[in-house]
Amino acid sequence: MLEMRKDLFADERDDNLNEVGKGSQRQDMPGHVTARTRFFDDHAFDGLLHLKVVRSPHAHARIRSIDIAAAARAPGVKRVLRGADVPVNKNTLLSLINFGKDDEPTLAVSKVCYKGEPVVAIIADTEAQAHAARKLVRVEYEPLKPVFDVEEALKPGAPVVNETYPGNYFEYHERFDHQKLRFGDVDAAFARADQVVEARYQMSPIEHAPTETNGTIAAPEHNDRYVVHSCAQGLFFSLGTTAKILNLESNRLHFIGGTVGGGFGGKVDSLTEPLAVLGAMLTGRPVRYVLDREEEMLTGSPRGAERIYVKDGVMRDGRIVARHIRSYFDAGAYTRLSSYAAIKCTAHIPGPYSIPNVSSDVYVAYTNRCPSTAMRGFGVTAVDFAIEVHMDRVAEAVNMDPMELRILNAYRDGDMKAHRRVAKNTALIECVQVAAEKAGWPLSDTARRQTSVASGGAGERGQIPATVIDQRGQIGRPDTRTGGPTQTLPAGTTRIALSKEPVMEGARDGRAAPTQVPRYEPAPRHEPARAQPPAYAPQPAPPAPSYQPASPPPAPPAPAPSPAHTQHGAVRFSSVFGTRRR
Amino acid sequence: MAKHPVQFRLNGSDRATFVDGAENLLNTLRRGLGDFAPKYGCGQGTCGVCTVLVDGEPHLSCLTLAVACEGRHVETASGMADGPDFHPLQAAFMDHFAAQCGFCTPGMLTAARALLAKNPNPTRDEVVEAISGNICRCTGYEPIIAAILAAAGSSGARRA
Amino acid sequence: MLDVRTCASLAEAAGILSGDRQALLVGGGTLVMRDVNEGRLTDGTLVRVTDPALTQMSLSGARLELGAGVTMAMVLARPELAFLHGAARAIGGPAVRNMATIGGNLFAPMPYGDFTTALLALDALVVVQSGYGAGRPVPLEEFLAARERGSQGMVTALQVPRPQNPQHFHFRKISRVKPKGIAVLSIAAHLPLAGGRVAQARIAYGAMAPTPMRAKGVERALEGRALDAATLAAARQAALEGTRPETDAIASAWYRREVLPVHLARLLAGAAR
Ligand SMILES: Cc1cc2nc3c(=O)[nH]c(=O)nc-3n(C[C@H](O)[C@H](O)[C@H](O)COP(=O)(O)OP(=O)(O)OC[C@H]3O[C@@H](n4cnc5c(N)ncnc54)[C@H](O)[C@@H]3O)c2cc1C
Ligand code: FES
Ligand code: FES
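These protein sequences, in sequence, are chains V, C and P. Everything in the first sequence is counted per numbering that gives the first Met the number 0, starting at 0 for the first residue and increasing by one. Everything in the second sequence is counted per numbering that gives the first Met the number 0, starting at 0 for the first residue and increasing by one. Everything in the third sequence is counted per numbering that gives the first Met the number 0, starting at 0 for the first residue and increasing by one.
Just chain V, with the same shape it has in the complex (with noise of 0.2 Å):
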């Protein structure tokens, strides 16, 4: 069970801990056992509405029209709902933080872009009225080609699955169609390696499969509120994009919630918020719109699949000299969290080794699939098997002994890393040798004396490698994706903090934009110590939320004053609502 290995870093830690270790029972577990814990859809209320909503059964079509006349008659049929009913139907839930362009609609107007896409909802006294009028709208399709694998659908010429971005890529920095890294010069390295070893890899989607499926209860309080019980992960981002797509003052929503029925990161994406919201508004009543299970496993949001192309430069001494690695993400058809999932996909690579020569590019295509989500360390998990197993076959490439090639690799206390930060805390040596002592694997006596906190920053280990930049894949230039490289950083290149930056430039869709094209300026002048952490901040989204209802417009707000200023310590993204300090 549990072990606590206080033999390891033991002056690095303060061992008076009050909780770790010990047992305690948590404060929810007495509602658990009794059944008395409230779950969204657990509340009474009088004069309950349900909704239901109709779904595109095509992949890929345009809406030839859409006839609500018999549904709308039909018994106990309070309401139908179309895309002209909902005040903002366009949204990207990222857009509360300012990152990417509103991209989905909640009710599909002109085209369907995957399977399940919801198209009419009907709100009724009861479920079965609602599934019986379900029956009988009439929505009259022109099936289009789809495209459902990710790199064909980065072809030109591919099918246009989502009209906001029409070359099926997520924009990166206004400037490219994905998300780059660039550390010294893996071309030349890979010239020099003793052997290239390159693979592919590819991941298969994930539904999360909550026991509760997603659903929410939005019902009108008396002080002109709606109280919504909600089964959000993340309640307050459920509470902006409900107020963002309905056009109300947040201040008139009473979110209720954070018990939730499992959700491991599908639970992140408002699918059932904003409709019941509306529904009451509409009706003045009560509305209830759960997902039932088929619609959960079917068009629920699952983990995006990946494929992950990585090329190594290894030396027959089984060191690491280059790695590069391209990836695509699956993001279906509309962007929800891919964007995001492709950042911390970027700032993992290449994992915990120390490698001179990284270079990454990574995707994000839609494809006409049910759109992907958050799910446990999504844009790490799949990149790291990838990576894990690209060793084992790296090691058998040296014919070295995984383990052993793991601790020659791995990163050490003032490393520098590919996003050019120090590592830090660094334990993967320590973690390899645990694991062999436990498995019984033989390490030689040179990998069992390693440790991550000596010999780490050592003379090029420390420093940003000279690096070589290029201009390729420019958005709307598919024709510059195989370019050359256009310049070399000279080594101790670093870039400028976006915090130390005015944070917004220009507008776009009439709400304010952030600066995203990195700047560059020779770095700091960095101790590698554990003690103390790099001047360097890197901050790839904005800190800034500026969210502004739709209409009228807003002017752009004037700069927030960057909090980025005052900290000290190192600042990382985080979640999905931008920067804390670390």
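Incorrect hints may appear among the rest.
[To be verified] If we take Cβ atoms under 7 Å as the criterion, some of the chain V residues that face chain C in the derived model are:
| # | residue |
| --- | --- |
| 1 | R12 |
| 2 | M28 |
| 3 | D41 |
| 4 | A43 |
| 5 | E206 |
| 6 | T210 |
| 7 | P219 |
| 8 | G257 |
| 9 | G261 |
[Said to hold, decoys possible] Listed next, the stretches of chain C that the computed footprint assigns to chain V, with coverage defined by at least 3 CB atoms under 8 Å from CB atoms of chain V:
| # | region |
| --- | --- |
| 10 | 41-49 |
| 11 | 62-70 |
| 12 | 75-84 |
| 13 | 131-139 |
[To be verified] Label pairs and their computed distance ranges (CB to CB):
| # | chain 1 | residue 1 | chain 2 | residue 2 | range |
| --- | --- | --- | --- | --- | --- |
| 14 | V | F147 | P | Y254 | 18 to 26 Å |
| 15 | P | P160 | C | A1 | 44 to 52 Å |
| 16 | P | A133 | C | P87 | 48 to 56 Å |
| 17 | V | A69 | C | H72 | 38 to 46 Å |
| 18 | V | P56 | P | Q21 | 23 to 31 Å |
| 19 | C | A116 | V | R392 | 29 to 37 Å |
Calculated directly from the structure, the hints in this document are not laboratory data. Just so it is clear, CB atoms sit at the ideal spot from N, CA and C, and this is done for glycine as well.
Add chains C and P with the ligands to chain V, keeping to what the hints say.
This is chains C and P with the ligands only, laid out in the frame that chain V set:
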């Protein structure tokens, strides 16, 4: 459409209500009678979160017609505690960390209760069989199995 | 809208069912209620029967008679039916078994129908009642062929010839989830042995065709032979004859065809011991 009257004993109290013809027992319990212990997880019989006892035997309330319960004895997890005192299964679930999100817990407890009523000293295999219709997406089942065996005071060993 | 009628007698139910095309009998409801809950079944009348005749069992004679409303749990409660316990226990968890009826299992679409597969290898008869009047026993195989053609009718009971030696009846269900799950396929075999040779072999498959089916090629290969290596090889050769499996969430048609001969051979090898 005409409503159908239905009357049954719920956790020891006589209850009566009107239901739509094909209404399932799960909806009647939750929306009609306000007992939110049984949950909706699938409506297909596959997850077991709606498990209740009908005349002492586990049934899936999502697949049971409410009208079929006329005159019967329905028990849910709401009725397990003896006043303020936990049922031994509830106490064991708490001690063994047998609930995480808690959504499967009422159904699990009900399935376990039916098992122990018939078989107070089950083997581990019998416990696994008894909860084989109940899905838990959080715990990985082991803590639940341990809790049920502990509540029974059983080592879980196979009987000769 | 969907309504419910409760009938105290079989005759009353039969009358409603034959007079109303939109009327549907509910047994345990484990399949019907799914369609209700998911909105596939929104109109008509569900017919419930409370007639005790539907759950009666007479287990004394050479031909056992089981009411169509008998549940899997009721089968499991009777030691006289021990040879059917394997098949009954293979269906769902305890709650499903308390509800699922043997009558409803006759109508369960593939990949369901494990209990029916067992009955098919036992040459069971189905007592079908249409309209008023007495029920008519129909061989199960014939009944299933009619079902595939869409024929309806109320089943009141099943008649099952008791196997002379229950040891000669074998049932195997292959599923991916442990301790149990929906069938990749199931196999039932009745292999009476006379003087070390198989006489009147009956092999049935579940989930290898739209309804449970007899494996007549295998039966021929076994008939009159000892269960030796040559016979087993011949049976394996004939394993796929007449199969029409489908691809579903549990397995592809290809996979079902691929693994059937293996599992058949294992079952027969077990029977030979
Ligand atoms: C979680 C779960 C797991 C399952 N696992 C299995 C499994 O492993 N193997 C398996 O075989 N099945 C399985 N099933 C399917 C089903 O439970 C069984 O097939 C069961 O035997 C069906 O019987 P029922 O009485 O519930 O049918 P019902 O749902 O009541 O009826 C099914 C159909 O049969 C008709 N019908 C029922 N009784 C009669 C009658 N007497 N005369 C005429 N028509 C009738 C109904 O009109 C309906 O069309 C499972 C179901 C669930 C929910
Ligand atoms: S809700 Fe009844 S079994 Fe899942
Ligand atoms: S505790 Fe979450 S499903 Fe079991």
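Checked hints:
no., hint, in the structure
1, R12, "violated (25 Å)"
2, M28, "holds (5 Å)"
3, D41, "holds (4 Å)"
4, A43, "holds (5 Å)"
5, E206, "violated (11 Å)"
6, T210, "holds (4 Å)"
7, P219, "violated (19 Å)"
8, G257, "violated (11 Å)"
9, G261, "holds (5 Å)"
10, 41-49, "holds (count 6)"
11, 62-70, "violated (count 0)"
12, 75-84, "holds (count 5)"
13, 131-139, "holds (count 4)"
14, V/F147 x P/Y254: 18 to 26 Å, "holds (22 Å)"
15, P/P160 x C/A1: 44 to 52 Å, "holds (46 Å)"
16, P/A133 x C/P87: 48 to 56 Å, "holds (53 Å)"
17, V/A69 x C/H72: 38 to 46 Å, "holds (44 Å)"
18, V/P56 x P/Q21: 23 to 31 Å, "holds (25 Å)"
19, C/A116 x V/R392: 29 to 37 Å, "violated (55 Å)"
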